[in-house]
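K.L.:
Here are the chains, one letter per residue:
Protein chains: 2
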Amino acid sequence: MSPPGEETASTDTQEAIMEATFRALSKHGYSELRMRDIGDEMEMTRQVIHYHFDGKYDLMSRFLEYIIQQYEGSVEVDPDAPPREELDARIDQCLFGPEFEDFGHWDRMKVYHELFTHAQNDEQHREIFNDHYERIRSSITEVVEDGMEQGVFREVDAARMGQLITDVIHAARGRKLALGHDDAPQETRKAIDEFILESLHADPR
Amino acid sequence: MSPPGEETASTDTQEAIMEATFRALSKHGYSELRMRDIGDEMEMTRQVIHYHFDGKYDLMSRFLEYIIQQYEGSVEVDPDAPPREELDARIDQCLFGPEFEDFGHWDRMKVYHELFTHAQNDEQHREIFNDHYERIRSSITEVVEDGMEQGVFREVDAARMGQLITDVIHAARGRKLALGHDDAPQETRKAIDEFILESLHADPR
Numbered sequence: 001m002s003p004p005g006e007e008t009a010s011t012d013t014q015e016a017i018m019e020a021t022f023r024a025l026s027k028h029g030y031s032e033l034r035m036r037d038i039g040d041e042m043e044m045t046r047q048v049i050h051y052h053f054d055g056k057y058d059l060m061s062r063f064l065e066y067i068i069q070q071y072e073g074s075v076e077v078d079p080d081a082p083p084r085e086e087l088d089a090r091i092d093q094c095l096f097g098p099e100f101e102d103f104g105h106w107d108r109m110k111v112y113h114e115l116f117t118h119a120q121n122d123e124q125h126r127e128i129f130n131d132h133y134e135r136i137r138s139s140i141t142e143v144v145e146d147g148m149e150q151g152v153f154r155e156v157d158a159a160r161m162g163q164l165i166t167d168v169i170h171a172a173r174g175r176k177l178a179l180g181h182d183d184a185p186q187e188t189r190k191a192i193d194e195f196i197l198e199s200l201h202a203d204p205r
Numbered sequence: 001m002s003p004p005g006e007e008t009a010s011t012d013t014q015e016a017i018m019e020a021t022f023r024a025l026s027k028h029g030y031s032e033l034r035m036r037d038i039g040d041e042m043e044m045t046r047q048v049i050h051y052h053f054d055g056k057y058d059l060m061s062r063f064l065e066y067i068i069q070q071y072e073g074s075v076e077v078d079p080d081a082p083p084r085e086e087l088d089a090r091i092d093q094c095l096f097g098p099e100f101e102d103f104g105h106w107d108r109m110k111v112y113h114e115l116f117t118h119a120q121n122d123e124q125h126r127e128i129f130n131d132h133y134e135r136i137r138s139s140i141t142e143v144v145e146d147g148m149e150q151g152v153f154r155e156v157d158a159a160r161m162g163q164l165i166t167d168v169i170h171a172a173r174g175r176k177l178a179l180g181h182d183d184a185p186q187e188t189r190k191a192i193d194e195f196i197l198e199s200l201h202a203d204p205r
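Line by line, the protein sequences give chains D and P.
FYI, UniProt numbering numbers position 120 of the first sequence as 120, with every residue one higher than the one before it.
FYI, UniProt numbering numbers position 203 of the second sequence as 203, with every residue one higher than the one before it.
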């Protein structure tokens, strides 16, 4: 085990490499990215990248985990909120991103969606995305189940509903990024309300 | 105008180049593709590619239009079918692809989704996709409007509904390809039925 001081230094360094990777990816895109582009975004010598990571592929996998962690960690929901309120909060966070200053939700999502599509050729990235997708989907499925238990939602296949909402969010983000439909998240929010969540409420009769 | 014989030859040649491009893209992916890879997939000399297309970018734009045309042209719907039947047929075609032998729906969709995500960096491809997306979305929106006029669907924002269904289909295909969820189209079909279309039917009371 490394002494506490060293461990902190290493964490800071890795964070600096991750942020440099993010800036380099935003500029050059995944397929054209070279290790030296990442080095150009850092104040430290680029030897530290090679010290910490075993090539571009290793670095990219770690980077994917890094942005997924930021994304998931950003969802803050009151555990005592009513199910519909929690559902709304989770959908909003995934659609619009956290309101952190400098978080750059859409810049990060641009990289995220590029790596997502690229995962069709990449077993390791596919696994990282699958784990992440499962967590996002489950968090929505669980709220639907809570609502059913509390009698505020009607009985549905909660996993199927969770998957549908997760897919719709993903598509709206992808469409904004790929096709430039800037109103896609807002419009999708309304569609989810009107066409999906509306039918979820338990019939009061 | 070229004499009829020549025109046919040229169309055949372009078709041969398009199919060679498709095979090369399936093997190498978009970002790694070189013109010579396409030449390797052809029986003709690769000079004909340079004769017909002004570089990789021009060829890729034309190829994108080619697979979109195949995709859209494959949707055959009886214009006198009841709205719900037509809606089902359109959703099925987009989700599962046409049943042409050798069409290779998923191989083509793999390329389609790769180019779609890449369009975030490419104004011309973005425009081609936007036109295509608009046609797909409108075809669904129009069926919803027909159903409303005939009184079998309740009054909704038909364009919003058309967009939602288009997004859900796109997400399901993308998830199957990127994450290997082979049951995504079938599961999504059920989710569309249960959670979106069910609420579309006009209340018989």
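Be aware that one or more of the hints could be misleading.
To be verified - From the structure, some residues in chain P lie toward chain D, with a derived Cβ separation under 7 angstroms: (1) Val77; (2) Ile136; (3) Ser139; (4) Leu177.
Claimed, not checked - DSSO-like mimics (lysine-lysine), calculated; alpha carbons at most 30 angstroms apart, straight line: (5) P:Lys27 to P:Lys56; (6) P:Lys56 to D:Lys56; (7) D:Lys56 to D:Lys27; (8) P:Lys56 to D:Lys27; (9) D:Lys27 to P:Lys27; (10) P:Lys27 to D:Lys56; (11) P:Lys190 to D:Lys190.
Source of the hints: derived by calculation from the structure; they are not laboratory data.
No residue lacks a Cβ here, since even glycine has one placed at the ideal position from N, Cα and C.
K.L.:
Take the hints in turn and mark each one as holding or not.
P.N.:
Cross-check of the supplied hints:
1. Val77: Violated - the Cβ of Val77 of chain P stays beyond 7 angstroms from chain D, reaching only about 22 angstroms at its closest.
2. Ile136: violated (12 angstroms)
3. Ser139: violated (17 angstroms)
4. Leu177: Constraint on Leu177 of chain P satisfied, holds at 5 angstroms.
5. P:Lys27 to P:Lys56: With a Cα-Cα distance of about 16 angstroms, the restraint between Lys27 of chain P and Lys56 of chain P holds, given a limit of 30 angstroms.
6. P:Lys56 to D:Lys56: Measuring from Cα to Cα gives roughly 26 angstroms; hence the hint holds.
7. D:Lys56 to D:Lys27: Status holds; Cα separation ~16 angstroms.
8. P:Lys56 to D:Lys27: holds (22 angstroms)
9. D:Lys27 to P:Lys27: holds (27 angstroms)
10. P:Lys27 to D:Lys56: With Cα atoms ~22 angstroms apart, Lys27 of chain P and Lys56 of chain D stay inside 30 angstroms; holds.
11. P:Lys190 to D:Lys190: holds (22 angstroms)
Hints 1, 2, 3, counting from the list given before, are not met by this structure.
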